[in-house]
Amino acid sequence: MTGSRAVKHSFTLKELSRLLDVPVQGDDTISVDGLATLKRAGPGTLSFLSNPRYAHQLAGCRASALILHPDLASSVTVPCLLSRAPYVTYARASQLFSRLTDDSADQAHEPLIHASAVVSATARLGRDVSVGPQAVIESGAVIGDGSRIGAGSVIGRDSQVGNDVVIYPNVTLYHGVHLGDRCIIHAGTVIGADGFGFAFDGQRSVKIAQLGSVSIGCDVEIGAGSCVDRGALDDTVIEEGVKIDNQVQIGHNCVVGAHTVICGCSALAGSTLVGRYCVIGGGVGITGHLSICDKVTISAMSMVSQSINKPGLYSSGTLLQESSQWKRNAVTLSKLSELSRNFKSLEKRLQHGDTTVPASAPGKSAT
Amino acid sequence: MTGSRAVKHSFTLKELSRLLDVPVQGDDTISVDGLATLKRAGPGTLSFLSNPRYAHQLAGCRASALILHPDLASSVTVPCLLSRAPYVTYARASQLFSRLTDDSADQAHEPLIHASAVVSATARLGRDVSVGPQAVIESGAVIGDGSRIGAGSVIGRDSQVGNDVVIYPNVTLYHGVHLGDRCIIHAGTVIGADGFGFAFDGQRSVKIAQLGSVSIGCDVEIGAGSCVDRGALDDTVIEEGVKIDNQVQIGHNCVVGAHTVICGCSALAGSTLVGRYCVIGGGVGITGHLSICDKVTISAMSMVSQSINKPGLYSSGTLLQESSQWKRNAVTLSKLSELSRNFKSLEKRLQHGDTTVPASAPGKSAT
Amino acid sequence: MTGSRAVKHSFTLKELSRLLDVPVQGDDTISVDGLATLKRAGPGTLSFLSNPRYAHQLAGCRASALILHPDLASSVTVPCLLSRAPYVTYARASQLFSRLTDDSADQAHEPLIHASAVVSATARLGRDVSVGPQAVIESGAVIGDGSRIGAGSVIGRDSQVGNDVVIYPNVTLYHGVHLGDRCIIHAGTVIGADGFGFAFDGQRSVKIAQLGSVSIGCDVEIGAGSCVDRGALDDTVIEEGVKIDNQVQIGHNCVVGAHTVICGCSALAGSTLVGRYCVIGGGVGITGHLSICDKVTISAMSMVSQSINKPGLYSSGTLLQESSQWKRNAVTLSKLSELSRNFKSLEKRLQHGDTTVPASAPGKSAT
Numbered sequence: 015m016t017g018s019r020a021v022k023h024s025f026t027l028k029e030l031s032r033l034l035d036v037p038v039q040g041d042d043t044i045s046v047d048g049l050a051t052l053k054r055a056g057p058g059t060l061s062f063l064s065n066p067r068y069a070h071q072l073a074g075c076r077a078s079a080l081i082l083h084p085d086l087a088s089s090v091t092v093p094c095l096l097s098r099a100p101y102v103t104y105a106r107a108s109q110l111f112s113r114l115t116d117d118s119a120d121q122a123h124e125p126l127i128h129a130s131a132v133v134s135a136t137a138r139l140g141r142d143v144s145v146g147p148q149a150v151i152e153s154g155a156v157i158g159d160g161s162r163i164g165a166g167s168v169i170g171r172d173s174q175v176g177n178d179v180v181i182y183p184n185v186t187l188y189h190g191v192h193l194g195d196r197c198i199i200h201a202g203t204v205i206g207a208d209g210f211g212f213a214f215d216g217q218r219s220v221k222i223a224q225l226g227s228v229s230i231g232c233d234v235e236i237g238a239g240s241c242v243d244r245g246a247l248d249d250t251v252i253e254e255g256v257k258i259d260n261q262v263q264i265g266h267n268c269v270v271g272a273h274t275v276i277c278g279c280s281a282l283a284g285s286t287l288v289g290r291y292c293v294i295g296g297g298v299g300i301t302g303h304l305s306i307c308d309k310v311t312i313s314a315m316s317m318v319s320q321s322i323n324k325p326g327l328y329s330s331g332t333l334l335q336e337s338s339q340w341k342r343n344a345v346t347l348s349k350l351s352e353l354s355r356n357f358k359s360l361e362k363r364l365q366h367g368d369t370t371v372p373a374s375a376p377g378k379s380a381t
Numbered sequence: 015m016t017g018s019r020a021v022k023h024s025f026t027l028k029e030l031s032r033l034l035d036v037p038v039q040g041d042d043t044i045s046v047d048g049l050a051t052l053k054r055a056g057p058g059t060l061s062f063l064s065n066p067r068y069a070h071q072l073a074g075c076r077a078s079a080l081i082l083h084p085d086l087a088s089s090v091t092v093p094c095l096l097s098r099a100p101y102v103t104y105a106r107a108s109q110l111f112s113r114l115t116d117d118s119a120d121q122a123h124e125p126l127i128h129a130s131a132v133v134s135a136t137a138r139l140g141r142d143v144s145v146g147p148q149a150v151i152e153s154g155a156v157i158g159d160g161s162r163i164g165a166g167s168v169i170g171r172d173s174q175v176g177n178d179v180v181i182y183p184n185v186t187l188y189h190g191v192h193l194g195d196r197c198i199i200h201a202g203t204v205i206g207a208d209g210f211g212f213a214f215d216g217q218r219s220v221k222i223a224q225l226g227s228v229s230i231g232c233d234v235e236i237g238a239g240s241c242v243d244r245g246a247l248d249d250t251v252i253e254e255g256v257k258i259d260n261q262v263q264i265g266h267n268c269v270v271g272a273h274t275v276i277c278g279c280s281a282l283a284g285s286t287l288v289g290r291y292c293v294i295g296g297g298v299g300i301t302g303h304l305s306i307c308d309k310v311t312i313s314a315m316s317m318v319s320q321s322i323n324k325p326g327l328y329s330s331g332t333l334l335q336e337s338s339q340w341k342r343n344a345v346t347l348s349k350l351s352e353l354s355r356n357f358k359s360l361e362k363r364l365q366h367g368d369t370t371v372p373a374s375a376p377g378k379s380a381t
Numbered sequence: 015m016t017g018s019r020a021v022k023h024s025f026t027l028k029e030l031s032r033l034l035d036v037p038v039q040g041d042d043t044i045s046v047d048g049l050a051t052l053k054r055a056g057p058g059t060l061s062f063l064s065n066p067r068y069a070h071q072l073a074g075c076r077a078s079a080l081i082l083h084p085d086l087a088s089s090v091t092v093p094c095l096l097s098r099a100p101y102v103t104y105a106r107a108s109q110l111f112s113r114l115t116d117d118s119a120d121q122a123h124e125p126l127i128h129a130s131a132v133v134s135a136t137a138r139l140g141r142d143v144s145v146g147p148q149a150v151i152e153s154g155a156v157i158g159d160g161s162r163i164g165a166g167s168v169i170g171r172d173s174q175v176g177n178d179v180v181i182y183p184n185v186t187l188y189h190g191v192h193l194g195d196r197c198i199i200h201a202g203t204v205i206g207a208d209g210f211g212f213a214f215d216g217q218r219s220v221k222i223a224q225l226g227s228v229s230i231g232c233d234v235e236i237g238a239g240s241c242v243d244r245g246a247l248d249d250t251v252i253e254e255g256v257k258i259d260n261q262v263q264i265g266h267n268c269v270v271g272a273h274t275v276i277c278g279c280s281a282l283a284g285s286t287l288v289g290r291y292c293v294i295g296g297g298v299g300i301t302g303h304l305s306i307c308d309k310v311t312i313s314a315m316s317m318v319s320q321s322i323n324k325p326g327l328y329s330s331g332t333l334l335q336e337s338s339q340w341k342r343n344a345v346t347l348s349k350l351s352e353l354s355r356n357f358k359s360l361e362k363r364l365q366h367g368d369t370t371v372p373a374s375a376p377g378k379s380a381t
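Chains as they are written, first to last, in this note's numbering: chain A, 15 to 381; chain V, 15 to 381; chain B, 15 to 381.
Don't take every hint at face value.
[What the hints assert, rightly or not] Calculated lysine-lysine pairs in the PhoX-like style (CA-CA distance at most 25 Å, straight line):
{"hint": "1", "chain 1": "B", "residue 1": "K341", "chain 2": "A", "residue 2": "K349"}
{"hint": "2", "chain 1": "V", "residue 1": "K358", "chain 2": "B", "residue 2": "K341"}
{"hint": "3", "chain 1": "V", "residue 1": "K324", "chain 2": "B", "residue 2": "K341"}
{"hint": "4", "chain 1": "B", "residue 1": "K349", "chain 2": "A", "residue 2": "K362"}
{"hint": "5", "chain 1": "V", "residue 1": "K362", "chain 2": "B", "residue 2": "K362"}
[As the list claims (entries may be wrong)] Only part of the chain A face toward chain B is listed, based on derived beta-carbon distances under 8 Å:
{"hint": "6", "residue": "R54"}
{"hint": "7", "residue": "S112"}
{"hint": "8", "residue": "L334"}
Since the hints were derived computationally from the structure, they do not count as laboratory data.
Glycine residues also receive a C-beta, built at the ideal position from the N, C-alpha and C atoms.
Put together the whole structure using the sequences plus the hints.
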């Protein structure tokens, strides 16, 4: 983390074609030294079109080269990398450009274990492990080859971190946590804190010691300020390829299936099982002990209080309105079942040909 | 935190009977070395049944012993610890088993104040205080007997931490914060940051210095990544026995009554008073300057915008549906007061025997 | 941060009158040594009345002096600081009183760069910069004059921090982040973590490297435990004077306009533009790629899923009710569009003079 900036350089389209495994249309000797949106691209940059909504921006784009779907190749004159999945190709390209400015190349020239780090004599560190300033590796912890522990992060006793893991600064892993290979954990995240378990004895809450741990598969990324709690008896499990955004809370004994994506500020209460390839929008809350099947998508800020056993797209919540109008509707909603009952009663009377309708039972008046 | 793992051992039922103050049914010489759920229990483990819903799992359970309600004692053949509150007994047992694997026994053999910790010369540390690597204890801070300050945590100037407190890594206490005895504060939590107070002068927000502090009673536990802000003039107060989960936000000058439980991701805006023995579900938001009486339970993700002066169970929000169906309902809801008005108007006409109903006033069409 | 407490002293009303630029009514030789609410004020304190709702508390108030609107000056006998904006004058006064107890005066007597801090040889620190214990300043970082970096905070490679900035403990700035002058960043906050961007290749999520950064204007305050993500290609931007509370999440490529206020636990998904002088209540969620115009106020816990192009006050959500009553309404709401359709159908028939109404189509029964 303390290396000086690497010398910035560039790629030719020919190099990119090889690295990204996509063909070039046009001059492949052209060099690009950065990625940019269609709108902001200038000479020397590579841009991309993945969402057809932005196709009209192709006209004025000043990029030197484009990542484009073959179907659109005839509509431009600049050299192109042709991809049937231009967004995926852009993603892969972004990783190449990231290395241009990343300091990892420099890491070799820096002391890998910073002098200020505290590494227990009983911890085991693999090859090419880097430990940042003020980091702490507790006793019995194992760090795999090529992994980087950020400044000020704490790796708890007996935790196991896989190979090529990146842990950013000020992360805390409690004791006995397992992280698979190639995980990325962003700053301030806490893995393995006690699940929230208490037994109420009539007077006070008696703490239930959380004796399980957390097991995280390979290729999992967790954003900043998130928490994954340790299990009460069994482990909390995050399967491979799961991507978790910032400020997400995963309660004890949850199981999150492989390749599921959880957006920012969502929360899973304890013992909930989420399937594979789900997409949980931002700010979603899922109550405890539920089971969500594979391939469920939940829109932002939904409240999930029942299990879901059919793939699909689900929502809850109400639409934003001007507050005065919202208030009238919200007040009416708070007496909705009464309104419904009165309507059904009226309907029934009319069905029986009774057109002399009595006043409906008075409800509580809106406040 | 850097001790090596304690040698794992076990308890006989006789020992547990004494430690947990419950009678044994059956052979009390049997040893158990772990706790497990009915489903996962194997030989050598102790299991428990607290929720009758899981009673059918007793049949196939392979635990060596059980914590069970006396009423069910006749239904099993394995030795049992009989308790009229099996969940509470399980909680107490979990604390015993936690010590089997905890490092606290080892702490005596480690330097209590890690060499890398920075402890002000004017801080006062009680007996058997442990300060982890890279931790910081600022000037004038007081740490009570037996308390443990985790790696990388910062105890602000003039803060007072009680006896037998556990502060996990990377916690921040600002200046002048008070923590009672036996509190547990999980990683990444921040206590005493400035409350969110500004006066708008027509052009910009003028900061209101937060001159109060935070006062936390005994036996309070606060999860990971939570925040309790310092008061504007008076203190923010968390009374004894309160349990707060992860990522909870407590605004300035709130008072949370004794033994109240606040689940993950909930937030109390400023100056709100919450009574004793309340249960605030996960993801709940309570706006500022409200008063919630004792023994109120609020279900997950509810929005509380008015004071509550009657104990009971409260909710808000809408049910999850398939998105297409949800959208139809949400759009209709945004014109609900109009629908209600039209219905009442129709009802009234029919009450007057007027069966020639005119078209209702056209509302804005749904978008 | 490790200075000992400054000697507490006091201000005369004459001094305050000059410092706050407001006239005194009554004896200006009186001294006050603290600020207090009307209710809690005692002799020697200064109190204030900004909200007319509390005017009745003036009678019993024991403060030695008051900040008061001139219109109310005749109603009290104690000396007053007269201000047409008493809340703003209180805010300014609070800053003066803050300095009475603050340690900043002492900082001059302490080593400004703590011996345990790790400061890269290529970092550039301005005059009177203070770096707390265990803090880390990475290579190429620039810290402006008079700025304070809290204990355990990490300032990433090539980041630029303006003048007179206060960064509290355990904050993380990733590489290349820009912070303007006089910013305040509270503990545990993370600025510049990767935005949440992935391209799904049909099998797994391919990471989109986040090549932009974060640019934060002058006079921005960000609470504890908040996150501002770095942009995918362009920067995430927080303009001058923005105030952000605790546990707020700002997604990649958002732009937050000058002087906007965002309350606790709110979240902006990626690429959303929020105007100037907006007020976003607590727990609000705004989905991605929206545009919110200037001077929009959104009430707490609202869900914003469409752009807003008209200033005003907006809300969503439902009112809290006793759970049994809430449930009836929520179940009815989940069939609301059907109820509305049936009502309109009935209305239409009656308009046509058809009083023989058939049974409405049966819907799914409520569960």
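Checked hints:
For the given pair, B:K341 sits about 11 Å from A:K349 by alpha-carbon distance, which is consistent with the 25 Å threshold. Between V:K358 and B:K341 the CA atoms are separated by roughly 23 Å; this keeps the pair inside 25 Å, and the hint holds. Taking the CA atoms of V:K324 and B:K341, the gap is about 18 Å. The hint holds against a cut of 25 Å. Using a Cα cut-off of 25 Å, the hinted pair B:K349 and A:K362 holds, with the two alpha carbons roughly 18 Å apart.
Simply put, V:K362 and B:K362 have alpha-carbon atoms about 16 Å apart, close enough for the 25 Å limit, and the pair holds. Among the interface hints, the one on A:R54 holds; its C-beta lies about 6 Å from the nearest C-beta in chain B, closer than the 8 Å criterion. The beta carbon of A:S112 is positioned within 8 Å of a beta carbon in chain B (closest approach about 4 Å), and the interface hint is therefore held. Nearest Cβ of chain B to the Cβ of A:L334: about 4 Å, under the 8 Å cut. The hint holds.
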